[in-house]
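Trainee: One letter stands for each residue in the lines below.
Protein chains: 2
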Amino acid sequence: MRKVVFYGAVSLDGYLSDQNNSLNWLFETDTGGETTYESFIQNVDTVIMGRVTYEEVLKIQQDGEALYSNQEVIVFTRDMDKDFKGVQIVHENPVSFIDKLKETDGKLIWVVGGGNLLKPLLEADMIDEWWIQITPVLLGKGKRLFEDGDYLRRLELVETTSFGQFVELHYKK
Amino acid sequence: MRKVVFYGAVSLDGYLSDQNNSLNWLFETDTGGETTYESFIQNVDTVIMGRVTYEEVLKIQQDGEALYSNQEVIVFTRDMDKDFKGVQIVHENPVSFIDKLKETDGKLIWVVGGGNLLKPLLEADMIDEWWIQITPVLLGKGKRLFEDGDYLRRLELVETTSFGQFVELHYKK
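Listed in order, the protein sequences are those of chains A and B. Quick note: the first sequence uses my numbering, first residue 2, plus one each step. Quick note: the second sequence uses my numbering, first residue 2, plus one each step.
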């Protein structure tokens with residue numbers, strides 16, 4: 002069975018992006034010249050995200066090459082009229098869709114975000130591993146990684162990695 | 002000038018306590034026989050908290066000795082009728098009160114919680130250092146450490162300490 006994982010940075014107060022959907026606070030944080038991303042992405046062949054997150058990805062891509070050039074990109078949306086080039090649009094329930102996807106052959110399935118997509122996956126206990134980079138910024142407002150939901154999960158700490166001003170926490174189910 | 006600090010544990014999804022105000026999820030987490038508390042509390046002579054947090058402290062104390070026996074305890078409340086034995090009750094604005102307290106001689110001033118008290122202190126940029134113990138539990142609901150507020154702060158990572166299943170993040174202004 003393929004694993005479903007979350008990998009991503011949050012502000013210390015738990016936001017994925019600020020109230021203007023900006024990630025400047027993240028890009029302005031010192032990595033010390035290092036990151037765990039290059040080794041992580043080599044183990045991923047499918048990235049899934051919500052429509053809002055994908056529209057942010059498109060904005061970032063305007064300045065350069067595709068962010069996920071070696072992965073299949075799956076975008077969930079309830080909007081039947083949405084269409085994006087080069088990605089798979091899914092209108093189905095994410096839980097049942099990903100349940101089937103896990104049965105196919107492949108590498109890690111990376112849930113990029115956002116909180117709206119993560120919440121039903123958390124409630125269905127579908128996230129196998131987490132890599133969360135804590136960024137030393139307090140934003141006060143924005144889109145939370147963890148929205149209120151009906152779940153209660155105890156994870157297991159696997160490892161902690163520091164690079165620059167980031168602390169990466171790695172947990173598994 | 003005395004420093005104002007926060008020291009405390011949160012769930013990975015950012016809650017200080019669950020929706021029933023319980024901390025069982027915290028007490029059930031393996032510390033590996035270690036904690037940073039004993040060395041921290043020796044540097045503290047004043048603990049401040051909101052009324053709701055203090056009422057939780059009273060419940061814990063029913064089973065044993067006083068939690069803060071070597072510290073002055075200050076409890077903020079807007080309720081003019083509230084009275085607790087052996088602690089200083091303050092009805093004044095926490096920001097102006099703590100501003101004056103910082104000018105007096107003494108050791109660290111520890112803001113125990115909760116989020117309602119922290120928010121105005123954060124908005125006034127009054128927290129000098131943070132020690133946050135990340136607990137590998139996702140609660141889904143409860144009282145958040147960081148409520149939405151009007152602040153934007155970049156901190157500096159000082160140190161990361163792991164013990165048992167906890168990861169302690171230490172930041173300063």
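Do not rely on the hints blindly, as some may be mistaken.
No copy is singled out in the list; a pair is fine if it fits within one copy or between any two copies.
[Claimed, not checked] Pairs of lysine-lysine, PhoX-like flavour, derived with a Cα cap of 25 Å:
| id | residue 1 | residue 2 |
| --- | --- | --- |
| 1 | 101 | 142 |
| 2 | 142 | 173 |
| 3 | 142 | 83 |
| 4 | 142 | 174 |
| 5 | 103 | 142 |
| 6 | 142 | 120 |
| 7 | 103 | 60 |
| 8 | 173 | 86 |
| 9 | 173 | 83 |
It should be emphasised that the hints constitute simulated quantities derived from the structure, not laboratory data.
Trainee: Enumerate the violated hints, using their earlier numbering and listing them in ascending order.
Mentor: Numbers 1, 3, 5, 7, 8 and 9 - these are the hints that the structure violates, sorted from lowest upward.
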